[in-house]
Amino acid sequence: MEIKDILFDIVSPINALLIIILNFVEIFFIWKMKMVQRKRSTVFILNLSISDLILGLTIIISKILTFSTNSFAVKMNVFLRSSFIQVTLMVSVFTNLVLTTERLLAVKYPHLYRRMTKRQRNYTCLAIWVCSFVFAGTRFAFQVRTSQSNAYYQQFIILSTIILASLPWPIISYTIVRRIITQRFFTGKNQLERKASTFNDGQRFLTLCLRSFFIFVLCWIPYACFGYFIFFKRPQQDINLFAIQYTVHLLAFVNSVLNPILYLYTYNIGQSIKRHFVGQKEAKLRSSVIINPRASTEMNELSSPTSSNSTN
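Residue numbers (numbering that gives the first Met the number 0): 0 to 311.
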């Protein structure tokens, strides 16, 4: 079995299953914890998770269609592999850029950030999908009109250009955000004026964005470099070239695995779920105090877990 066959037939489906499972867990966590209502920027993280989930499903469907000899299935497989996967990848790139921009607004221009409504954020997510479909459709139409030999060398150039063109903006934004947070929260008077909760939320979200950026660079820069390499160098299409192609694509797909892991780790899924269910239990106990006086004792024990240690 050749290297490209191992990557496509074994590694890629496993990676797709991980994408589906992890992003489903992330979406369920966001819904269960009501993160969209609590944190405004979560709508973009949810949009990113949905696109990654669709990517995983698309890879699985494409893999299933490869076993079919039906002409419609073959055409659908070509469309999924050449265009729809590109759409989800572009959504991932654009959403990371929007998250970076929103974090910059929240820190540098908080009055503009507070004016952003839920509807405006939803429209932004819709615009991301529309732009991604437009770029992918343009790429597909351009690929159809060129010869088959040239189409291979030109198929990655649009997404590679978007990746490399957008790379300086996160670097600039993170530098500005880090400098502003340092000035606001680590300089004497301002440090006393700021609430600890605000500082922790800002630091946590900034940490999430920084980690996302490093994952973005790790997973996407090889893809962009490969796209420009084959566009300008036009190397011979052999086994080694296809192996490199599948490798850079798998790295791009790994981005969809690491994104939910990063989010769930940053927001400490275990502690969040524990606080959620403990809070629900306390609410039930409070509501039952009037009916059952014994519940008040239970509620006090739940809210003061160290009371037994103090008596000892």
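Fair warning: there could be bad hints in the mix.
Straight-line distance between alpha carbons at most 25 Å, and here's what the computed DSS-like set of lysine-lysine pairs gives [stated by the list, open to error]:
| # | residue 1 | residue 2 |
| --- | --- | --- |
| 1 | K117 | K33 |
| 2 | K62 | K74 |
| 3 | K107 | K117 |
| 4 | K38 | K107 |
| 5 | K107 | K31 |
| 6 | K117 | K62 |
In short, the hints are calculated from the structure, not lab data.
Restraint status (C-alpha distance of K117 to K62 at most 25 Å): Measuring from Cα to Cα gives roughly 37 Å; hence the hint is violated.
Satisfaction of hint between K31 and K107, Cα-Cα up to 25 Å: violated (31 Å)
Satisfaction of hint between K117 and K107, Cα-Cα up to 25 Å: OK: K107 and K117 at ~20 Å, within 25 Å.
K38 paired with K107 [C-alpha distance capped at 25 Å]: At roughly 18 Å apart (the allowed maximum being 25 Å), K107 and K38 satisfy the hint.
Agreement of K62 and K74 with the hint, judged by alpha carbon distance not exceeding 25 Å: Judged against 25 Å, a Cα distance of about 13 Å means the pair holds.
K117 paired with K33 [C-alpha distance capped at 25 Å]: This hinted pair holds, its Cα atoms lying about 14 Å apart.
Hints 5 and 6, counting from the list given before, are not met by this structure.
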